[in-house]
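First to last, the protein sequences are chains A and B. So the first sequence is numbered by my numbering: it starts at 1 and just counts up by one. So the second sequence is numbered by my numbering: it starts at 1 and just counts up by one.
One or more hints might be untrue.
As the list claims (entries may be wrong) - BS3-like, lysine-lysine: derived pairs with alpha carbons at most 25 Å apart: (1) A/232 - B/43; (2) A/375 - A/450; (3) A/257 - B/43; (4) A/257 - A/232; (5) A/77 - A/252; (6) A/257 - A/375.
As the list claims (entries may be wrong) - Cβ pair distances, simulated, as ranges: (7) B/90 - A/259: 16 to 24 Å; (8) A/424 - B/73: 31 to 39 Å; (9) B/39 - A/153: 55 to 63 Å; (10) B/90 - A/92: 50 to 58 Å; (11) B/39 - A/438: 19 to 27 Å; (12) A/228 - B/73: 31 to 39 Å; (13) A/236 - B/90: 20 to 28 Å; (14) B/73 - A/509: 46 to 54 Å.
As the list claims (entries may be wrong) - Only part of the chain B face toward chain A is listed, based on derived beta-carbon distances under 10 Å: (15) 6; (16) 16; (17) 23; (18) 40; (19) 41; (20) 44; (21) 47; (22) 48; (23) 49; (24) 59; (25) 69.
These aren't lab readings, by the way, just hints derived from the structure by calculation. Each residue gets a CB set at the ideal place from its N, CA and C atoms; glycine is no exception.
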Amino acid sequence: MSIGAEPHPRGIRQTMSDLHIWAGLLTGWFLYAMFLTGTVSYFKDELSQWMRPELPHQAEVPDAAGVAQRIADELQKVASGSSQWGITLPDARNNVASAFWRVPGTEGRRAFQSATFDPATGHKVSSRETAGGDFFYRFHFQFHYMPVLWGRWLAGFCAMFMLVAIVSGVITHKKIFVDFFTFRWGKGQRSWLDAHNALSVFGLPFHAMITYTGLVTLMALYMPWGSQTAFKTPAERQQLTAELSAFIQPGKPSGQKAALAPVEEMVRQAQARWGHDNINRVTITHGGDAAARVSVSRGDQGRTSVSPQYMLFEGNTGRLLETKDHVGPAAETRGVMYALHLGRFGDGVTRWLYFIVSLAGTAMVGTGLVMWTVKRRQKLPDPDRPYFGFRVVERLNIAAIAGLSIAMAGMLWANRLLPTDLPDRAAWEIHSFFIVWGLMAVHAVLRPAKRAWLEQLWLATAALALLPLVNVFTTHRPLWRSLAEGDWVFAGVDGMLWALAALHAMLAIRTARHSTKVRPARRAAPLRPTPSSAGERA
Amino acid sequence: MSAVFDRARSAGPLLSRIVAAVFGGYGLAALGSVAALALPMDKTQAVITGALASFAIYAGAVVWVFAVRSARRAWAGLLIAAVPLGLAACSVWSGGAAA
Chain A
1 MSIGAEPHPR GIRQTMSDLH IWAGLLTGWF LYAMFLTGTV SYFKDELSQW MRPELPHQAE
61 VPDAAGVAQR IADELQKVAS GSSQWGITLP DARNNVASAF WRVPGTEGRR AFQSATFDPA
121 TGHKVSSRET AGGDFFYRFH FQFHYMPVLW GRWLAGFCAM FMLVAIVSGV ITHKKIFVDF
181 FTFRWGKGQR SWLDAHNALS VFGLPFHAMI TYTGLVTLMA LYMPWGSQTA FKTPAERQQL
241 TAELSAFIQP GKPSGQKAAL APVEEMVRQA QARWGHDNIN RVTITHGGDA AARVSVSRGD
301 QGRTSVSPQY MLFEGNTGRL LETKDHVGPA AETRGVMYAL HLGRFGDGVT RWLYFIVSLA
361 GTAMVGTGLV MWTVKRRQKL PDPDRPYFGF RVVERLNIAA IAGLSIAMAG MLWANRLLPT
421 DLPDRAAWEI HSFFIVWGLM AVHAVLRPAK RAWLEQLWLA TAALALLPLV NVFTTHRPLW
481 RSLAEGDWVF AGVDGMLWAL AALHAMLAIR TARHSTKVRP ARRAAPLRPT PSSAGERA
Chain B
1 MSAVFDRARS AGPLLSRIVA AVFGGYGLAA LGSVAALALP MDKTQAVITG ALASFAIYAG
61 AVVWVFAVRS ARRAWAGLLI AAVPLGLAAC SVWSGGAAA
């Protein structure tokens, strides 16, 4: 479709194009950050391992039953009297056990504490304090420095815009198939458009799926009306929760003390049912009370669903009370959609595919944002002094795209360089991320746009490329040792950092080569009437 | 002065559409999620079905609002779609009170 060749009044494709542009622009910066941090989260467990270099490489997965017993023993000491303990067990990708527990006598969100434990000893891990890859994961749906619920609503709002942008984008492109095979290199705006189209169409099923399923993961928050209408009492609502989550809710304690039967035995029964390394979580309510319950839930292997499947045991006898191995059809649909979003069901190959397509989605949002300025730059009356809105978009693009890469790398630098005894160290790693990002925003405003792009892209390249070297000097796990010991997590993260550095260098080189010689507006400005604008006026 | 007035007048329909899309669309989706309870299935499954489908209703409503020729038609379309959903939802609300 050539611009300006349509003599018709605004057709559906034109209005959808406008909708696409504005829905994309208004939330694009958030969406870009959500997409990129979400993409990285497909390797969050590996990143978490890299960020805890004190913990040795896990050559094989420890036996879930033994680990569960050790953590339960430890929790009896550190979280005694708590109404609920939730233990996530280590697996092939995760070398720590983590647990949260409800702090007795408190309510609401602050009522939970959590810690990571060494599977071998059951004690709290002796590594540097870090949020690990979980920070990026949490950031991608609830941001930071704001109440969790606000962040989730904001993310939902942006995701809804994304969904609208996808639908309107598809309607805009009647030649979606042909467009996919069209690529005009080095043609300025055309190339940006073609890149945007190729990236979008290549991953279209994925982008649509990931956006919709993203909304589904938090649907209880966004669309509570059905459940509020249908269920009036907490007991009724419990029926719904049981279809969605494997976390058993604490009932009433009896007040009588009773020792917990061996958790190990309960996990063994679950292992016999679902597979030795296919145990995900152990939840214990009122551990140490006669009314204790233990649920052992199934892992992600062998099914593309996160719907709750668990075995429920009586805590003080170890008697099996219930085996939940299916949910209703709608709940299963939701479980599948949720699992498709997380991509945890897959093996390494699937995970890499997720990562690559998701990266294409990130680039889709990024090229869309950049295209907004590329398209408008040519029509600027005075290219040296663009109007305010243009400058805002241009600078925000730089900070949101190039700046984010630097900020994320910055957090990994902080992970290696902050002193291990710094109070609130994990929080400071996160502060570093935002401080760096803020500095990049300031830099983007102060420098000429093209210089700012180049400087930030090269800085990102350097920040990423140097990280494996920083790792050499600050840990005992340099790349050569990781390779020699077959530690593919450390070697993989180091290698990935270099691959990403190369990607940023490529972007920087292309940006430098790209001529921003704006068509002299003086020639175009007075003689603007193109066929379309003439048509509008007529 | 009249230029300001003209601008406000020309922005009116657009604002109206934005409100229709963001809030009208959400309202329709929320109504749809309640209407799903009228489906002949287990209550818990109906709740989940309604919530799952609501985002598609929302997206469809937004596209509708910007696809039609005028803001008035946009609202009219939302209201027409709301009638059957509202009837279904009403049957749930009144039925829920009886049960």
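Okay, the hints, checked on the actual structure:
1. A/232 - B/43: Answer holds: residue 232 of chain A to residue 43 of chain B is near 12 Å, not above 25 Å.
2. A/375 - A/450: holds, 16 Å
3. A/257 - B/43: violated, 38 Å
4. A/257 - A/232: Not OK: residue 257 of chain A and residue 232 of chain A at ~34 Å, beyond 25 Å, violated.
5. A/77 - A/252: holds, 21 Å
6. A/257 - A/375: violated, 71 Å
7. B/90 - A/259: 16 to 24 Å: violated, 55 Å
8. A/424 - B/73: 31 to 39 Å: violated, 56 Å
9. B/39 - A/153: 55 to 63 Å: violated, 28 Å
10. B/90 - A/92: 50 to 58 Å: holds, 52 Å
11. B/39 - A/438: 19 to 27 Å: violated, 50 Å
12. A/228 - B/73: 31 to 39 Å: Distance hint for residue 228 of chain A, residue 73 of chain B holds at roughly 32 Å.
13. A/236 - B/90: 20 to 28 Å: At 21 Å between Cβs, range holds.
14. B/73 - A/509: 46 to 54 Å: Because 50 Å falls inside the window, the suggested range holds.
15. 6: Residue 6 of chain B check fails; min Cβ-Cβ to chain A is 17 Å, beyond 10 Å.
16. 16: violated, 15 Å
17. 23: violated, 12 Å
18. 40: violated, 13 Å
19. 41: This interface hint holds because 8 Å falls under the 10 Å limit.
20. 44: Because about 5 Å separates residue 44 of chain B from the closest Cβ in chain A, which is inside the 10 Å limit, the hint holds.
21. 47: holds, 4 Å
22. 48: holds, 4 Å
23. 49: holds, 4 Å
24. 59: holds, 5 Å
25. 69: With a minimum Cβ separation of about 9 Å from chain A (threshold 10 Å), the hint on residue 69 of chain B holds.
In terms of the numbered hints stated before, the structure departs from hints 3, 4, 6, 7, 8, 9, 11, 15, 16, 17, 18, listed from lowest to highest.
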